[in-house]
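J.: The task is simple: from the sequences and hints, build the whole structure.
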Amino acid sequence: MSNSTTTEFTVRVQAEDFDVLAETEILAKGRKDVGAIVTFTGLCRDEGGTLEALELEHYPGMAEAQISKFAQQAVERWPLTGLTIIHRFGKIPPGDNIVLVIATSSHRRAAFEASDFLMDFLKTQAPFWKKEHLKEASEGTWVEAKAVDDADAARWDEQKTK
Amino acid sequence: MSNSTTTEFTVRVQAEDFDVLAETEILAKGRKDVGAIVTFTGLCRDEGGTLEALELEHYPGMAEAQISKFAQQAVERWPLTGLTIIHRFGKIPPGDNIVLVIATSSHRRAAFEASDFLMDFLKTQAPFWKKEHLKEASEGTWVEAKAVDDADAARWDEQKTK
Amino acid sequence: MKIRYFAWLRERTGTSEETIELPETVKTAGELMIWLAARDEGYAFAFEQPETIRIAVNQEHVEEDHVLSGTEEVAFFPPMTGG
Amino acid sequence: MKIRYFAWLRERTGTSEETIELPETVKTAGELMIWLAARDEGYAFAFEQPETIRIAVNQEHVEEDHVLSGTEEVAFFPPMTGG
Numbered sequence: 000m001s002n003s004t005t006t007e008f009t010v011r012v013q014a015e016d017f018d019v020l021a022e023t024e025i026l027a028k029g030r031k032d033v034g035a036i037v038t039f040t041g042l043c044r045d046e047g048g049t050l051e052a053l054e055l056e057h058y059p060g061m062a063e064a065q066i067s068k069f070a071q072q073a074v075e076r077w078p079l080t081g082l083t084i085i086h087r088f089g090k091i092p093p094g095d096n097i098v099l100v101i102a103t104s105s106h107r108r109a110a111f112e113a114s115d116f117l118m119d120f121l122k123t124q125a126p127f128w129k130k131e132h133l134k135e136a137s138e139g140t141w142v143e144a145k146a147v148d149d150a151d152a153a154r155w156d157e158q159k160t161k
Numbered sequence: 000m001s002n003s004t005t006t007e008f009t010v011r012v013q014a015e016d017f018d019v020l021a022e023t024e025i026l027a028k029g030r031k032d033v034g035a036i037v038t039f040t041g042l043c044r045d046e047g048g049t050l051e052a053l054e055l056e057h058y059p060g061m062a063e064a065q066i067s068k069f070a071q072q073a074v075e076r077w078p079l080t081g082l083t084i085i086h087r088f089g090k091i092p093p094g095d096n097i098v099l100v101i102a103t104s105s106h107r108r109a110a111f112e113a114s115d116f117l118m119d120f121l122k123t124q125a126p127f128w129k130k131e132h133l134k135e136a137s138e139g140t141w142v143e144a145k146a147v148d149d150a151d152a153a154r155w156d157e158q159k160t161k
Numbered sequence: 000m001k002i003r004y005f006a007w008l009r010e011r012t013g014t015s016e017e018t019i020e021l022p023e024t025v026k027t028a029g030e031l032m033i034w035l036a037a038r039d040e041g042y043a044f045a046f047e048q049p050e051t052i053r054i055a056v057n058q059e060h061v062e063e064d065h066v067l068s069g070t071e072e073v074a075f076f077p078p079m080t081g082g
Numbered sequence: 000m001k002i003r004y005f006a007w008l009r010e011r012t013g014t015s016e017e018t019i020e021l022p023e024t025v026k027t028a029g030e031l032m033i034w035l036a037a038r039d040e041g042y043a044f045a046f047e048q049p050e051t052i053r054i055a056v057n058q059e060h061v062e063e064d065h066v067l068s069g070t071e072e073v074a075f076f077p078p079m080t081g082g
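Chains as they are written, first to last, in numbering that gives the first Met the number 0: chain A, 0 to 161; chain B, 0 to 161; chain C, 0 to 82; chain D, 0 to 82.
Bear in mind the hints are in silico, worked out from the structure with no lab data behind them.
What you are looking at is a predicted structure, and each value in this text was computed from that prediction instead of being measured.
Wrong hints could be hidden among the right ones.
DEER-style ranges, computed between Cβ atoms [to be verified]: (1) Arg154(B) - Thr51(D): 20 to 30 Å; (2) Ala146(B) - Glu138(A): 52 to 62 Å; (3) Ala43(D) - Gly48(B): 34 to 44 Å; (4) Ser67(A) - Asp156(B): 30 to 40 Å; (5) Lys26(C) - Ile25(A): 47 to 57 Å; (6) Glu138(A) - Lys26(C): 36 to 46 Å; (7) Gly48(B) - Ile25(A): 15 to 25 Å; (8) Lys1(D) - Glu7(B): 29 to 39 Å; (9) Ala14(B) - Ala21(A): 39 to 49 Å.
One-sided excerpt, in silico: chain C residues whose CB lies under 7 Å from chain A [to be verified]: (10) Phe5; (11) Tyr42; (12) Gln58; (13) Thr80.
Built from N, CA and C at the ideal position, the CB exists for glycine as well.
T.: In structure tokens form, the structure reads like this:
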């Protein structure tokens, strides 16, 4: 799973759903150097019952390249033993999965911080756009970027690792 | 899953292994208000092949009470939709699970911060003690508490939530 | 030069991608937005607030003052909302 | 009064739990440690560095100056290493 310098990682951008358990086992099963596994799963919320579906548009090629760029930064910054990032596109109904980040490490802080970091950058730097289709509206509405997500991403400019 | 004020939580202290997928589904399956699931799994490492097993001693009753106290703090501090904490005791070989925290929320920061917070307090405030049994030694050795874990727990004294 | 539009830029221009000949007067990505906005009402609507639009050249984020050679893939899109 | 010992305190005292009559001279958890240390070599070894020992009374963490009534469950243990 690793070369001489940094840990390899897996990045996938796909329409189909993912299997958190199967992806976790790829990183951890049979290994005895993994002390911490953090999984982040992002799901489509129904917004109090008003949402019919989210439509996720992406820029093929650039999406994979951007996610891989941040994955590379993560494996250079934290001592991970494994890293997998999967982001879906297409129409996603409430309750379904959107995004998965799994970071494994010998120690918990690296796994927590790397997955937190990656989610902040997926929110603000990966070329995906969400359109909300509400039950009561014929036209979908593009979700606006949030200032709080930019603020979250900016946290990582300073040295945060211990 | 929730009463009028705060979200309920599940705390278990047990010898037997746990099933991350099954525990996750209890918190998320069929719900459409969960936007973020963070799972933390702590495992026994083999310490470069030297470790035969970890032996986890605990204080029955107090262990559950202390974990529940921090779980209660977490659900009061962050807007969670669900929270499960499971800590094992007994003899655990390398590669096996030790501890599980699952936090679910509408938004990712709450789920990340609550699970991170809980792991810091499980490390330093829950009455569990680890003894290392090495392959090359007849006597086990008690693991010493680490100053870095106290420092991690102290991070939560300040207001860290957004 | 290939140009791609995403999200509401795609909807407003009515175009997901197109190939154009880069005019000699257009030197930068920012100037390309101004030139495109002059094409028709849909393009004018798409580029009415160029300061909110993100630009990628050959799939890398760039600023408005990025100088174009005419052989790149240029993409215009709103702030990203993934994750 | 029930007293419980965990980890290396259990090993050094050779006792996981015992019931004692709280001596009248012992008012606090800290004084109880001193009194226990005087019992025999194993207890002396267990309590040789009382400042490193954590105390729980009725399963709640307390400090050395916690005043005992004689009916509690008192536990002594090293710094915790869970998680």
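J.: If a hint holds in the structure, say so; if it does not, say that too.
T.: Here is how each hint holds up against the structure:
For Arg154(B) and Thr51(D), the hinted distance range of 20 to 30 Å is satisfied, since their beta carbons lie about 23 Å from each other. Distance hint check: the CB atoms of Ala146(B) and Glu138(A) are about 58 Å apart, consistent with the given range 52 to 62 Å. Between Ala43(D) and Gly48(B) the C-beta distance comes to about 38 Å, which sits within the given range of 34 to 44 Å. The supplied range of 30 to 40 Å is met by Ser67(A) and Asp156(B), whose beta-carbon atoms lie about 38 Å from each other.
Between Lys26(C) and Ile25(A) the CB atoms are about 48 Å apart, so this pair conforms to the stated range of 47 to 57 Å. Look at Glu138(A) against Lys26(C): about 38 Å separates their beta carbons, and that is inside 36 to 46 Å. At roughly 22 Å, the beta carbons of Gly48(B) and Ile25(A) sit within the given window of 15 to 25 Å. Remark: the range hint 29 to 39 Å for Lys1(D) to Glu7(B) is upheld by a beta-carbon distance near 32 Å.
For Ala14(B) and Ala21(A), the hinted distance range of 39 to 49 Å is not satisfied, since their beta carbons lie about 27 Å from each other. Annotation: interface hint on Phe5(C) holds; nearest CB of chain A at approximately 6 Å, less than 7 Å. With 7 Å as the threshold, the beta carbon of Tyr42(C) stays out of range of chain A, its nearest partner Cβ sitting at about 18 Å, so the hint is violated. Against a cut-off of 7 Å between C-beta atoms, the interface hint on Gln58(C) holds, since the closest Cβ of chain A lies about 4 Å away.
Taken as an interface hint, Thr80(C) checks out: its beta carbon lies about 5 Å from the nearest beta carbon of chain A, inside 7 Å.
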